[in-house]
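Colleague: Sequence:
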Amino acid sequence: MVQKDLKLTDIIKQLLERRKYILGITFLTAIGTAIISLLLPVYYQASTLFYAASPDLASPEQIFGEANTTTQYYGTDSDRDRLFSIARSSAVTDFLIQKFDLYKRYDIDSTHVKAPYRVKEQLLDLYTVEKTKYDALELSVEDRDPQIAAEMANAARERINEEAQRLIRESQQKMLNTYQKAIEEQSTYLKTLEDSLKLLRNTYGVYNTESQSEQLANQLASEKRQLSFDKARLKRYLEMGGVPRDTIRYLQAAIAGREQSLQDVESRLEKFSQGMSRIEMLETTYEEISDKLSELQTRKNQLQTALQSGFTALHIVETAQVPTIKSRPKRSILVIMAAMAAFMFSVLGVLLYENYKDDFR
4 MVQKDLKLTD IIKQLLERRK YILGITFLTA IGTAIISLLL PVYYQASTLF YAASPDLASP
64 EQIFGEANTT TQYYGTDSDR DRLFSIARSS AVTDFLIQKF DLYKRYDIDS THVKAPYRVK
124 EQLLDLYTVE KTKYDALELS VEDRDPQIAA EMANAARERI NEEAQRLIRE SQQKMLNTYQ
184 KAIEEQSTYL KTLEDSLKLL RNTYGVYNTE SQSEQLANQL ASEKRQLSFD KARLKRYLEM
244 GGVPRDTIRY LQAAIAGREQ SLQDVESRLE KFSQGMSRIE MLETTYEEIS DKLSELQTRK
304 NQLQTALQSG FTALHIVETA QVPTIKSRPK RSILVIMAAM AAFMFSVLGV LLYENYKDDF
364 R
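Be aware that the sequence shown starts at 4, since it is given in this note's numbering, and climbs by one per residue.
Taking lysine-lysine and the DSSO-like style, the derived pairs with C-alpha atoms no more than 30 Å apart in a straight line are: (1) 184 x 295; (2) 194 x 303; (3) 107 x 329; (4) 102 x 117; (5) 194 x 184; (6) 123 x 102; (7) 201 x 295; (8) 329 x 134; (9) 123 x 136; (10) 295 x 177; (11) 238 x 227; (12) 329 x 123.
For each label pair, taking beta carbons as the anchor points, the in silico distance ranges come out as: (13) 195 x 133: 54 to 64 Å; (14) 298 x 136: 43 to 53 Å; (15) 93 x 26: 48 to 58 Å; (16) 190 x 148: 52 to 62 Å.
Hints listed in this document are in silico derivations from the structure and should not be mistaken for laboratory results.
Beta carbons are placed, not taken as given, at the ideal position from N, Cα and C, and that holds for glycine.
Sequences and hints are given; from them, build the entire structure.
Modeller: Quick look at the structure:
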């Protein structure tokens with residue numbers, strides 16, 4: 004191989020000598036690329052822009068104004084990631100395939116064993132979801148029909164909203180079921196307490212601890228005072244003498260009756276005291292459970308209202324409009340790039356040939 008030192012003038016001279024060859028290849032490549040690009044299908048791209056909404060908008064605390072924090076209308080990064088995952092999920096792609104009959108639209112035999120894979124692969128080539136630098140989500144769909152492209156983009160966005168709402172409602176329904184189970188358990192417990200209170204009241208005769216306690220205490224004090232008074236009268240009569248025997252007997256009988264009555268009151272008071280502490284404890288527990296049950300019922304009703312109320316999982320910034328300009332192919336760019344590539348490779352080929360042609364002989 005002969006080593007040659009080339010000057011710029013030599014290179015220019017060689018290229019000028021082969022200019023027809025270089026320009027011919029470049030021209031033919033440009034013409035060929037233009038013809039091929041005319042055969043390529045034309046696609047239109049429609050895009051819709053939206054933000055993730057905060058799930059707090061669907062919470063009972065926010066709906067009924069019981070939240071301790073300021074209402075957040077826009078979602079966090081995790082909410083945005085959730086929408087992004089939903090957008091790429093089968094729930095959305097399968098919906099689009101069915102709604103717009105994409106097997107027929109993409110000319111795919113639906114009976115083929117790989118048809119579901121192929122139609123989804125074709126859709127995902129034309130369907131994109133991206134996060135913008137402003138934390139929004141941009142959903143774009145390409146199709147040969149600009150009207151269909153816009154309809155698919157808007158339909159996909161609405162499906163994402165529905166799926167996100169479904170996830171939130173499922174979480175709320177699980178919580179609602181938990182509340183319902185807790186209410187049933189507390190109601191059963193409350194009924195048990197009610198039966199126990201009824202049994203204890205019948206057993207100990209305690210129906211109103213406060214009033215009955217005061218009544219028995221007053222009755223006991225009254226019986227004691229009357230008994231002391233009768234005993235004092237009997238003692239005085241006996242000391243005085245000359246008191247009729249019938250009067251003494253009557254007073255003694257009265258004292259015996261007072262003593263028996265006092266024993267009855269003391270017995271009732273003792274029985275009342277035994278039951279009162281247990282009943283008061285059960286009454287306190289009954290009130291606590293009753294309050295808790297009332298709170299659970301209120302929470303359940305609020306959650307039920309929230310579950311049935313309308314809310315959005317995303318905030319729409321821009322709906323997809325019917326595009327008027329095609330997204331691809333960019334024929335002029337294709338022709339220019341192909342012509343430039345052909346020109347560069349032609350120049351390189353000429354230089355290699357002119358400088359190493361002797362070695363090929």
